[in-house]
Each structure stands twice: as C-alpha cells, then as structure tokens.
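Asks: The hints should help you fit chain B onto chain A, whose structure is shown.
Chain residues, written in single-letter form:
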Amino acid sequence: MSDDWAPTLYWLPNPVMDTATTRGAPRVAQDLLVRLYGRVPNLFRLQNELPKVVEAEEQLIHAILQKEGWLSRDVKYGLLSTVARARRNKYCWSLHSRGGAEQSACSSVLERAAVKLASTGCTFSAEDVGSILRSGFDVESLLDVILTVSLGQLLCTLSEALGPELDFEPTTPLDPLPLPELELDASPDAGPFLTAPARRSFDFAPYATLRDTIGFIANLFHAQGSHPDAIEAEVNAIEQIVVPEEHLGRTQKETIFLVLAAANANTYCVALQSRVLAALGIPEDDIRQLAVSLKPASLSAADLVLYEEARKLSWPVSGNEFLTERLRSAGFSTTQILEACATAALGNLFTTLQFGIGCVPDFTPQRVFTSKDLYRFAVQVRPISDVVAPDDPDAELVRQTQSGNKAAFEELVRRHNRRIFGTLAGMVGDLDDARDASQEAFLKAFENIRRFEGRSKFSTWLTSIAVNTATEMLRRRKPTESLDDATIEDDFRPRQVQQWARDPEDLLSATQRNALVREAVSRLPYKYRVAVLLRDISQFSTEDAAATLGLSVPALKARVLRGRLMLRESLAVHFTHSEKLNA
Amino acid sequence: MLSCAEFLAEFGDYLETTAEPGLRARLEEHLHECKTCCVIVDSTRKTIQIVTDSDCFNLPDTVGESIVTEVMGRVRQKS
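Those sequence lines, one after another, are chains A and B. The first sequence: position 6 = 6 (my numbering), numbered continuously. The second sequence: position 63 = 63 (my numbering), numbered continuously.
If we strip away everything but chain A, and leave its shape as in the complex, we get (with noise of 0.2 Å):
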C-alpha cells in the first residue's frame, strides 16, 4: 500500500474555529423517540443537558431503525437485541425485545454474524459476509445488518457508560450469548467485502461537512453511497458531538475515537484518527503511543484517565467498568463526561461499521492490528478468554476431511499452523524441531480424524496431539528433564518484590522483550511452560486449556498462576528499573 492512497485534504481543521453548525442536516421529528419506545427512555433523558447530542442520537436512530429499509423493523429489533444479550446489556434488552417476535424474526445466520462483527469485529471476514449473502439477503440488506449492529453498539455503550435505570421490566429475562472463539490467525485486510455503490455526488451535503470538519471524504462513507440517510446521520453526529469544543475538547474526542478503535483492533479507523490528530497538530509519535499504550510523555494526569475510562467502554466486562467517579476526581464536569461517553459510544458505532464494512484504509497504516490485539489489555478488558463456544468453527471441515476431502484438511492445516508452532517453539524452544513437531502432530491428527467425534473442539484435540508430540521428542532430547506431574515446585514463593516500573515495555525493545520472554519460558518448569503457552501466548481459554492437558479447570488455573509468579521472577530484575537501557 502506497501514499497515494491518501485522499486529497480539502482543509485542516482548526479545532479553534470549527464550532457545530447544523449545515444542511436535517432534524427529525422531535417525538421520535416517544413514537419508538413510547416515553422517551431513560437513556437520553441522562443526557438532557447536550440536546444537540441526542438530537444527533435521534436522527442515528431515525435513520438506521426507523426508516423503512431493505430489513424489516422486527429483523432490526432481533439484531439490537442480539447485541445486547451478547455484550449483556440488560437496559439494551429491555428496550428492543419483543417477547421473541424479534429473534424469530432474526435467523441464525444473522444472530452469529451480529454477535462477531459487535464482540470480535476484527475477524469479520469474506466468509461471514458470504455466509449472509447465501442465506437470500442482497448487498442493501447486508449494509443495513451492519448499520444496525453498529447501532447497537452505540446504544449499548451509551448504557454500560450512563447506567440509566430501567424504563420496561423486559418480557423475558436476558438470555446471554457465547462470544465466538477468537481467531487469532484472521487475515486483518481481507476487505472490502462490500460491492462499492454508485458514490454519491461531490455536492452531497454530508460531504462538505466531512471536508470541512475532518479535512477528506472517507472511504468509510463512499462505501454506504447506497444509505444517503445514514451518511446524513453519521456525518451530523461527528458535527454535533465531536466536532464543538464547549465542554471536552475537539482533540480529546478525535482521541478517544483513536484509543476505541485501538482497543477494537481497528487498522482502518487508528489510521483514520492518525491523520485527524496530525491535521490538529498532535505529533506523529504522540498519536502512535497513544494508539498502543495512552504513554505519551506530554499526556496529562487528567487525560490519562479520560482515555483509561473511554477506552473500558470498548467491551463491557465485570469489575473493570466505566467509572464516573474516577473522571470527576480527575476534575471533568458532568457535560465533560456526558460528551466523553457519547463520543466512545459514536466510536464503537464506526469501528463496528468499517469491520462490517471492510473498506480499505484512505492512509497507509503506521501498524496492521490483528485479532491479537484485542488481548493488549487482556487482563482489563477482553472477556473472551473464559467463554466456551458451543459450536466448534471447524467442524464442518472436519466433516468434510472424514468424507475425505483432503482440501479441507489443507485448509485446517492453514488456520490452526500458527497457533502450534507458537506453542510447541516454546515447548522444544527450537524452531526445526518445533517445525518437525509441528508437522508430525497435523499428520497424526489426518491419520486419526475418523476417530474424532467432536465431544471436544477440533482444536482441543489437535493440540493435544501437538502437546504429546512435543512431550515425546522433549523426553527424547532431555532424558534428565522431569516432564512428570509428580515433581512439585511447593517451596516457591514470589522472592522479588520491588515495584516494577509504570511502564516497563518502554525499558526495553521489543527484541530484548522477546528474548527475555523466550528465555524465561524455556526455564520453566516443563508442566507450568506448557499451561502458560497456552493461555498468553497461544490465548486458549482456561478451559479449552484444561481440556487439551486432561487437567481440572482449577488445576490448569494453578498452573497458569504458577507459571506467571515464575515468570514475573525472572523478569522482574529486568523491569524495576527507572531508567532506559541502552541495547
């Protein structure tokens, strides 16, 4: 990918002039929102003091829910609930159930999409859109799926954010739903998926907004030229709510749009915001730091926790929520946080739109993000970890290859190559001998593919023949290594207890990181080296962990937590410096 990608910049912003005008969009019915839910829902009466934001809310809605499209309202409704029980949104549930009207109305195809493109947007693929389109829907539906998710994701942020109160008791309780498993070998580019729509005309109103506010005409909007009204209503909010600097400024909510969709794993919309921020002045290497870490030198205290918070709304997880009382400590006023949360809310809309959508970047990206990514902040955000699918991704491959379709076993060979050879190179620590592994496991796994039924995950199984195979060719290669469950580290304790540093990755780079990674866990004890690669670096759930090893899930656990603690010990004297080492 080349510059010339890049869009002409009509004009850069300058975020002192640029106050809201309501050029040419226009307002819906003030009743909208009575019309729709019957009151208008504690959800925007939390926010009366920024009329111009719901009213930016409002017209999303009128545009995406509202009016009549290529989806029928009660298919939107089971996508909006969809994406409630999969982010467990009670207030988004109670206000978008229909008693199931809407989840019979939502087909099984649709209900796995919505819940991808809103849990796991970045491994959103061809083969999804594909999926949906074989199921009888066109490329218009299609984009009104995507709207509507995208939607969803801003309703329920709002609410994780705001915790309004809830305006119906809902007519069935919630009915959670399991989170895909991650794939961590998805291709990130594999877009567009959508057929690129007749543009619409150079003097569409929302497009002088958009070269006026952020300088270009994204891509992201060229791609929905067959939705003028959405276009209208995404444009207006980005005018009504990031673009006035009454209350949070202009640069601080283009910065929590970058940090969403850094903690989204979104390339397209981090390299969208890279070039917004440049255009309002922040320097090249703030903007990269603040995409992968919120570290930038000249951040201040206030702002570290502005963006800490926003970025928690990106996926909801319990004992890690949105803290209000944090903001106000930190000295933001109440329209400061309401702006703070619509703006987090508006970014989740538009990285579940370009996920959905695919649309290439308009820059070059400073840095490909990939499904791996969404583990950053593992520990804080992402609760995929523990979430058992209960459909098998592969099982239709497997099928295929015990029909004998060779092919298909090709294909499972390709998704699953990079997650074995990370977990045997970091059993055998060497990488011919973790290629040989590698290769005898996949063909132990083809001989033995008609045994398997399915009572486990394909994965599980293929990496517990990995495992045994490594297993073997360690006992092979250290005879004296103890590779037995027997020997029992019980005499550790954590002796290093010296403060690490705030920051230590910044101590180091990140080939000395991986070298002392690589050191540490070739040290570990055989069992706990094996539990460790396969919760952080080959992100297996804890189950799925326990399952491939034949442990009990609090065994595995103990394992796990072990092989951390001994982790931390060897690295600790690298990392409780204050100071920059030099390479």
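Hints are computed from structural coordinates only; laboratory data are not their basis. Any given hint might turn out to be false.
Stated by the list, open to error - Quick look at which bits of chain B chain A covers, simulated, 3 or more residues with Cβ under 8 Å:
1) 39-52
2) 63-77
What the hints assert, rightly or not - List time: in silico DSS-like cross-link candidates among lysine-lysine, alpha-carbon distance up to 25 Å:
3) A/Lys90 to A/Lys444
4) A/Lys406 to B/Lys35
5) A/Lys444 to B/Lys35
6) A/Lys406 to A/Lys444
7) A/Lys67 to A/Lys52
Note that the coordinates shown come from a computational prediction; the quantities given were computed from them, not determined experimentally. Idealized CB from N, CA, C, for every residue including glycine.
Replies: Relative to chain A, chain B alone:
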C-alpha cells in the same frame, strides 16, 4: 483477613477479573493492608501483558508455508 500465602494461592481469578464477589472482596481487603502483595499483583499483571504482547514464538511465513507443503505432500501420498 487472608494471609499472604492464602492470597497468593487465590489471586489467579482476581487477575483475570473472574473472582466471585465474596472472594474478590476478601482479596481486596488483603490488598488494602499489604503493600507487598500489591506489588506482586501489579508486577504479575505487567508480566502477563509483556508475555501476551510478545511475538517471540511467531511462525515465520516461510516456515508456515513449508509446514503446509510438507504435511499436504505426505497426506496426498496416503491415498
């Protein structure tokens, strides 16, 4: 209140934010009083982040393709 040994045996779920509320409250009560365990929690979290972020066991593209080629070559011979 939990002892440090009890805390260290139990804080795995706390790290992953999956501790049930009662246990979480007891762990936090201990943390409130014990600076050493605070340091251990903080540094273990940072350890997990460093390890998770690391790409030290990544599969080089050329090796990845060679595994597929080798495996599928041998699979096709088995027909």
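Asks: With reference to the structure, classify each hint as holding or not holding.
Replies: We went through each hint and held it up to the structure:
1. 39-52: Result for this restraint: holds, n = 13.
2. 63-77: holds (count 11)
3. A/Lys90 to A/Lys444: Violated: A/Lys90 and A/Lys444 sit about 46 Å apart, past 25 Å.
4. A/Lys406 to B/Lys35: violated, 58 Å
5. A/Lys444 to B/Lys35: violated, 50 Å
6. A/Lys406 to A/Lys444: holds, 14 Å
7. A/Lys67 to A/Lys52: Answer holds: A/Lys67 to A/Lys52 is near 21 Å, not above 25 Å.
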